[in-house]
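Engineer: Could you build all of it, start to finish, from the sequences and the hints given here?
Here the numbering used here is used: position 136 in the sequence shown is 136, and no number is missing along the way.
Each hint can be trusted.
Straight-line Cα separation of at most 30 Å, DSSO-like style, residue types lysine-lysine; simulated pairs:
no.	residue 1	residue 2
1	Lys-25	Lys-138
2	Lys-80	Lys-221
3	Lys-217	Lys-205
4	Lys-183	Lys-35
5	Lys-70	Lys-80
6	Lys-217	Lys-80
7	Lys-194	Lys-69
8	Lys-61	Lys-25
9	Lys-236	Lys-221
10	Lys-221	Lys-25
11	Lys-217	Lys-116
12	Lys-21	Lys-221
13	Lys-205	Lys-236
14	Lys-69	Lys-35
15	Lys-55	Lys-25
16	Lys-25	Lys-194
17	Lys-183	Lys-80
18	Lys-138	Lys-80
19	Lys-217	Lys-236
20	Lys-25	Lys-183
21	Lys-69	Lys-21
22	Lys-217	Lys-21
23	Lys-138	Lys-205
24	Lys-142	Lys-55
25	Lys-21	Lys-70
26	Lys-80	Lys-194
27	Lys-138	Lys-21
28	Lys-80	Lys-21
29	Lys-194	Lys-236
30	Lys-194	Lys-138
31	Lys-142	Lys-183
Since the hints were derived computationally from the structure, they do not count as laboratory data. Quantities reported herein were computed from a predicted structural model and do not represent experimental measurements.
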Amino acid sequence: MGRAFEYRKATKLKRWGTMAKTFTKIGKQITMAVKQSGPDPQSNSRLRVLMQNAKAANMPKDNVERAIKKATAHDSGDFKEIVYEGYGPFGTAFMVETATDNTTRTVANVRSYFNKYGGSLGTTGCVDYMFEHQCNFKVVMKEGIDLEELELEMIDCGIDEIFEDEGSIMIYGGFESFGPIQKYLEENGFEIEKAEFERIPQDTKELTEEQMVEIDKLLAKFEEDDDVTNVFNNIK
Numbered sequence: 001m002g003r004a005f006e007y008r009k010a011t012k013l014k015r016w017g018t019m020a021k022t023f024t025k026i027g028k029q030i031t032m033a034v035k036q037s038g039p040d041p042q043s044n045s046r047l048r049v050l051m052q053n054a055k056a057a058n059m060p061k062d063n064v065e066r067a068i069k070k071a072t073a074h075d076s077g078d079f080k081e082i083v084y085e086g087y088g089p090f091g092t093a094f095m096v097e098t099a100t101d102n103t104t105r106t107v108a109n110v111r112s113y114f115n116k117y118g119g120s121l122g123t124t125g126c127v128d129y130m131f132e133h134q135c136n137f138k139v140v141m142k143e144g145i146d147l148e149e150l151e152l153e154m155i156d157c158g159i160d161e162i163f164e165d166e167g168s169i170m171i172y173g174g175f176e177s178f179g180p181i182q183k184y185l186e187e188n189g190f191e192i193e194k195a196e197f198e199r200i201p202q203d204t205k206e207l208t209e210e211q212m213v214e215i216d217k218l219l220a221k222f223e224e225d226d227d228v229t230n231v232f233n234n235i236k
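Structural biologist: This is the structure we're talking about:
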């Protein structure tokens, strides 16, 4: 199924430590989606997906409604999505995705985390070329679906991989394919359970257990920061 699939299977993905952290992340994304394209999920495709993500994460309906109301309030702050690139200890590469209403605070924090654990904040483009920006969809399996036929039908949508995983259909494609894939799935009656973006390293770096201790400390700092929504690295 390809190098990216093997990387996902081999990597122990570190989940955010608390449900509250996940809810904060999704809430910010909902707020930004509403500000960009309005509060009606029927006309806001990004909001529709995020509401499904919230449901998959067991996020209370009240939290979702609060995030939508926050976006429509006149005195609400503007969140911006900013990606920081940097070098971790032992020559590792990091992509740090954030959603913030105070870029001065966020960049200072991200820089301090890198510096504290032997890394450094880089400039735009310094490690981006090491990663493939992709999207993925988790879809409810429909009765009678032939995955090979579905893959052929969705080739024009820009998909890279499609396979069954624990009763669901997993679909992967390039970053720019998110819209066409979502449109196809919705128009053909597929129920989207979850949809996300990810960054897959083109090459990975193997570290010792001792070195991973330091990496975990750096990851923990990012995890504690409410402005940080995702962290990707090239560690095997």
